[in-house]
Amino acid sequence: MGTAVYNGEVPTPSLTGFTLPITAAMGAFFGLIAGQSTGLGGLLGIAAGAVVGAIVAYILVTMVSYKTGRWGAIVAIGLIGFFVGGNLGLVVGLIAGALLGWCAYWLHLGKYRRSLPPYATSGQVLWHNSFKFICGAIFFFLIAPIITIIPLSFNAENFFTFTPEMLALDPAGYSLQHYRDFFTNDDWLRPMKNSLIIAPFATIISVSLGTLAAIGLSQSHVPFRRAIMAILISPMIVPLIISATGMFFFYSQMGLWMENTFGISKSLSGYIKVILAHAALGIPFVIITVTATLVGFDNSLTRAAANMGATPTTTFFKVQMPLILPGVISGALFAFITSFDEVVVVLFVGAAAQKTLPWQMFTGLREQISPTILAVATILVIFSILLLATVEILRRRSERLRGMSPA
Amino acid sequence: MKLTTTLLASTAMTLASSVAFADGHMANEMTIVSWGGAYSASQQAAYHDPYAANTGVTIVNDESSAEAVAKLRAMNEAGNVTWDVVDVVASDAIRLCDEGLALEIDVDTQLADGDDGSKASDDFGDLLVSDCFIPQIVYSTTAGYRTDLVGDTAPTTICAFFDTDMYPGKRSLEKRPINNMEWALLCDGVAKDDVYDVLETEEGQAQAFAKLDTIKDDVVWWSAGADTPQLLADGEVVMGTTYNGRLFSLIEEQKQPVAMLWDAQVFDLDGWIIPAGLSPEREARALDYIMFATDTQRLADQAKYISYGPARASSAPLVGKHATLGIDMAQHMPTDPANATNTFLYNYEWWADYRDDLDAKFQAWLAQ
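The listed protein sequences derive, respectively, from chains A and B. Letter by letter, the first sequence follows residues 1 to 407 in this note's numbering. Letter by letter, the second sequence follows residues 1001 to 1368 in this note's numbering.
If we strip away everything but chain A, and leave its shape as in the complex, we get:
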């Protein structure tokens, strides 16, 4: 068994010296989690997990074929999990079974070095796989906190807690009450409406001004380009709390002036103030993305257009704009998200009538830890994913239509 049998071009690694210990280590890791969560203790869990891992690896690689082995491991460990930990144990067991089975075959069949050339040394193989593992871990730690809130938002209770019913996957532990609360409660609907008023207006202003600024700043004859650029980018660099304090005093006076001069109401002037403040925060993003696309813009196109009698305005809309549109759109997206997520500036500049969703979530977290916040967060996460996906699909489509394929 321990002898090297050539399987294609990859030698089968030693069972007792390689496959068994590594699978056992993986089993020990699952055992540690299981032991801690069932209260059996971490050490007992590690020991039991290591034994189970080694047994699984041994049975799979010596006795059964690949397909049967994978399914067999899933079912067997799933059942063990079910008897130890009920419904939740079943789910965890199924996952652990799938991973242990995969691990055993991945090692035994030499799949771990499939993507490497045959002459790679053991050190290179180890580094290649460690690197993959580190990448996976980074991905996990980025995503896990966001994923955790999704099941919690279906909590039947009013706390940020996985209740015993939820852990047992009992339907009684789950409910849609927090989503219902969000869609019926005026405390949430009003901020939602405010966010949907403020963010698009702030986006329109930052996109128009930011695009114009980027085009101007990319012309070589503009004086003090770097200084102007630095000033326009500064809202992104200056700590937000400092911008917010300055904006509070500046816009308070401006609001009073607008109310006295134009006779507009306090709430309208409040919206204008927040929209302008958010537009200032969004402009740097638009400038940066549009400047980046302008780098690849061929200026002979505008000269050609002028040569054919087009006015600068026509040239801009017919020639330049379509080419820099991807940059404008991604800048707009950043500006929108900046305004939609912003809580510090609106806390200072806005009055309660302009309360936005992040503001409501912020006070909600402080004063009343209600899972409605998690329901809102879940909705916003899905909304952001849809928004980004749509823009990306549209961008690819337009590039395909114009015969450019994404790199």
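These are computed hints drawn from the structure, not numbers from a lab. Note that CB positions come from ideal geometry on N, CA and C, so glycine has one too. It is possible that part of the hints are untrue.
As the list claims (entries may be wrong) - Which residues of chain A face chain B? A few of them, derived with a C-beta cut under 7 Å, are:
{"no.": "1", "residue": "Arg-114"}
{"no.": "2", "residue": "Pro-118"}
{"no.": "3", "residue": "Ser-122"}
{"no.": "4", "residue": "Asn-158"}
{"no.": "5", "residue": "Phe-159"}
{"no.": "6", "residue": "Phe-162"}
{"no.": "7", "residue": "Ser-252"}
{"no.": "8", "residue": "Leu-256"}
{"no.": "9", "residue": "Asn-307"}
{"no.": "10", "residue": "Ala-352"}
{"no.": "11", "residue": "Thr-363"}
{"no.": "12", "residue": "Glu-367"}
{"no.": "13", "residue": "Ile-369"}
Using the hints, position chain B against chain A.
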């Protein structure tokens, strides 16, 4: 291009009209600042909704009471006060009144008489601690414990917090010296009447910190009223202090295995102030709201939604049953005789003098 233009134009039109729509709705509105959560909900049901129905005023809730003093100062400096009525604790009201940021109220002419015919000044009595402050509720900072995590003998005194042998596990205390220093001294053998005299001296303060030191590793410090209920519901702490209404909601509404430990509860007052510097129309409306919201019936109504005691003596007999649970509310009031067998009297004036100093010392102690 034409399509894009049309789309953009129509989007802009929709947005503009939605702002105009929102604007039309908010023309006759007032901003009321409060604490949020179940407390704001009780004010909404007992005061805001009936007032809005009577007058057609739209009430906007701002949950900024926690930073009311700082924000009012900033608004005053900027010359643009956007709040109409603000709910603050008594000590904040005293500070705001001293700084001239709150309007002085003539209680007998600007507030309603009691239903029993008593003058407002008699009806509120001792609770009128400042010229600007219109008391609304009496609440207490008190403790609760997990019934399933404290073993066979349930705690009966506040000193259970300092007894980690009998009650192992974490406990949550507020991240400020007020109350904690007093409780530490009480549990270190200082008589109730001597607490503030002892706390005035350096040795007394050291004694209190030494007592707190014995449990420092077991304390989770909270800063928002919602923290302790969450920690208790999680089972992360075995006992914790918070406002009594939060514990009521945790026990009676959320049905968590938690019980009240009323021992050495500290009473405090919460009420309204009207910011100074409002335009005459806004000030008149704020006063009209206050007149309505602090009459005998309205104060008694609030107790239907949250277990805080009404500030008027004439409201007490009108306290009835909880609006949705149907349980008798009187026995859940911090002022109920059964709950108030051992209460601690919080000394406003003493804390006004020593707060800054002890806050600094407390923060330094926390950081050690």
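Please flag the earlier hints that this structure goes against, numbers listed from lowest up. 1, 2, 3, 6 and 9
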